[in-house]
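Protein sequence lines correspond, in order, to chains A and Y.
By full-length UniProt numbering, the letter at position 86 of the first sequence is numbered 86, and the numbering carries on one by one without gaps.
By full-length UniProt numbering, the letter at position 59 of the second sequence is numbered 59, and the numbering carries on one by one without gaps.
By construction, these hints were calculated from the structure, which means they are not laboratory data.
Honestly, I wouldn't trust all of these hints.
You can't tell identical chains apart in this list, so a pair holds if it fits in one copy or across any two.
What the hints assert, rightly or not - List of simulated lysine to any residue pairs, SDA-like, C-alpha gap at most 20 Å:
#: 1; residue 1: Lys240; residue 2: Glu63
#: 2; residue 1: Lys344; residue 2: Leu184
#: 3; residue 1: Lys23; residue 2: Gly66
#: 4; residue 1: Lys344; residue 2: Gly238
#: 5; residue 1: Lys180; residue 2: Leu169
#: 6; residue 1: Lys68; residue 2: Val271
2 protein chains.
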Amino acid sequence: MKKNEITILGAGLIGSLMAIYLKRQGLDVTVYDKRPDKRKTPYFEGGRSINMALSHRGWKSLEQVGLKDKVLPLAIPMFGRKIHDEHGGTSFIPYGKKEQAIYSISRGKFNQLLAEEAENLGAKFNFEHKCEEVNFPSQEITFSTPEGPFKLQAPVIVGADGAYSALRLSMQKQVRFNYKQEYLTHGYKELTIPATAAGEFAMDPNALHIWPRGKFMLIALPNPDKSFTCTLFLPFEGTKVCFEKITDERDLKSVFSNYFDDAYQLMPDLVDEFFRNPTSALVNVDCYPWVQGESLLIGDASHAMVPFYGQGMNCGFEDCYILNGLIDKLGTNSWDLVFEKFQKTRKRDTDAICQLAMENFIEMRDSVADPKFLLRKKIEAKLHELYPNDWIPLYTMVTFSDISYSEAYAQGKLQEAIMDRVMADPLITENWNKLDYEEIIFQMETAKAV
Amino acid sequence: MKKNEITILGAGLIGSLMAIYLKRQGLDVTVYDKRPDKRKTPYFEGGRSINMALSHRGWKSLEQVGLKDKVLPLAIPMFGRKIHDEHGGTSFIPYGKKEQAIYSISRGKFNQLLAEEAENLGAKFNFEHKCEEVNFPSQEITFSTPEGPFKLQAPVIVGADGAYSALRLSMQKQVRFNYKQEYLTHGYKELTIPATAAGEFAMDPNALHIWPRGKFMLIALPNPDKSFTCTLFLPFEGTKVCFEKITDERDLKSVFSNYFDDAYQLMPDLVDEFFRNPTSALVNVDCYPWVQGESLLIGDASHAMVPFYGQGMNCGFEDCYILNGLIDKLGTNSWDLVFEKFQKTRKRDTDAICQLAMENFIEMRDSVADPKFLLRKKIEAKLHELYPNDWIPLYTMVTFSDISYSEAYAQGKLQEAIMDRVMADPLITENWNKLDYEEIIFQMETAKAV
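The shape of chain A in the complex, shown without the other chains (with noise of 0.2 Å):
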């Protein structure tokens, strides 16, 4: 079998820009997606996908191949929280220093530009193409497709194929495979935060909106049409404001104009799309090994994570740029050797990463809304100006830097341990000014040496 040809399952972000990287290694590319091909069959996309935010180590994926400039147009920086009370007052807090965004992107045309972009380096895409089982000892793929089953030798396969992954439902049946898939008691729904009548956003279309409600939440993310989409995330059961009590129109009107009314009265499509939308789950996805044979998870597939870090997409398009430097380090000739190494020095990080979104939901949904928190913020914001090498706060390590996630989680573990003690000083509010910031950074360094 050629070593040289690659089999990728999913024509999505990941699957996309893993294609463009492995088409410039000089390989035969060819990717299956079990949906229709987009650009022949438009389908309704809306309802399922929460808007993604582009940040560091997506950017520096794109770039290594060329592609930062092409993606810019459709992006949207998003410079900080805007955090929105149950009064309709609002309050801003940066994610990073005055130029740091994290960029507002929505799926379809993201997904059409890199798919075109590996076409026209000669991958070739297959589409409802579902791949029903992959036979590991043979590398024999079988699809079904609209024709029939259809049945493939492939000698390497890459599994961008998502949180319910095909080729990891096949792995899941081998002996020793350890899996774990985890649901939120939460769900979400997608709505939608309309131009204006004069054709222009509602909002500030340069943050990251959020209505935190401490048990739920919603969101907005800016779109290139001046729209925003809206997701809110509620428990799906069990609690006083929940999907399930959620039944007809007075019990959504009754919510919204409670918890979120400045943007109820921006939503005019709210009931109508508050019951076509479906509410859609999330899953966490923890599995090992991700390698079988000659087949390997990337992306979603081998480690699905909840929303929450803004992460996901990044984290998979990071996947694709360490694999291509492990393929430019090792070569193509034995893919067992590039596929374990990746797979030994990744894991801890998509580890770290899921950790983290995981918890960063009660600070999302709840700790926001804290006036304590924005101080804390502003606290960390300063050290990391006056050090900034040895205090870069947990979110600027993950979103805005090239850190190992493994390496900011430990970091960020231990600056939450000094930052409380110093938040638990009663007059902090006033003091805050007059920390000794030489002191937080030496107890911080003492700490590390331990």
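Given the coordinates of chain A, assemble chain Y onto it according to the supplied hints.
Just chain Y now, with coordinates in the frame of chain A:
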């Protein structure tokens, strides 16, 4: 659809006992299994299934359907653990009181007895029916059979189809199904100590023999034909003694003569068996919910555990017992109610026994070799003798009582903490007979009240 037509997936021990219970409830029961009927095509059973240890929860479930007396002749009582040290010395640790035993039983004949009993009561068995998919909205099962695919409308489905359950796999594809399969880094291999030339047991038949060696161990359970089924538990790879490093006769003989010499002398077929029998993996399965529509998972399908507490089968039998109790109480008109009640009350107990089984691996392969462990057991036995209702050793609660696994777990952790304190006395070996037992009970009652 008729709610009195029950389809059971899996004709193993749990599926067959479930069929007996449901026939006795006056229901129509059909059992499907992917394997051939063993009565018609006996197949090689050796090498894969650890001998089982039937204890109170198992016996209670058999007794309720009048089967205790029929099963007893197949079972050999083991009154305690016989520990073999590296120099051939042995010691005996009773499991409970003098008359309390767990019973060694092998799968084959026992399974046949249960299946025949179910058939005699009118249950229908269909072999060579492999469940490929269950469609929950329509409750339609697709089987593959030697004659081709076969579709069945099944109003009520009970999945007793084991650790690799097909029903569970279909459930896993449903949204909000939480699932975890976790493999141990250890594997196992079955071996044999045959009867002596004189046709006798080569060791004491009324004990479970253990050769604890820290990171690995060998165990042996007696069979009615006067042989012992031995199971060798080793890490798959990565340590000095592991399966990966036993590649030829010389490696094997070196491990056995170094670590298990007394057993080795009794194993004339060791080399053949070792290289012929498969090395099997050990998996723990945790999932929830167990119910989807009118389908329910029971036994290993819902909570496969590692074998180190000897409770896998007993717990599965107790599932049948408890489900039957709920049917007595709630009737057979609303299976959703019965199934919901079952999963709600049972999950915490199966979580507890899965956890205990994992923890007991360390006890079996390591702690039992410590003289202090023997002393600890003695002190606990004494406490139990003096205060039979206030202090029941954990092993006794799990193995010889009806106390729910979750209560046993909680009470066991409490007792463990107190025993840790008792054993921390550096002179405990000398002083144990002079302990203030009343004070220990008082400590426990106080801790419990908190």
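Hints that the structure is at odds with (numbers, increasing) = Of the numbered hints given earlier, those the structure breaks are 1, 6, listed in rising order.
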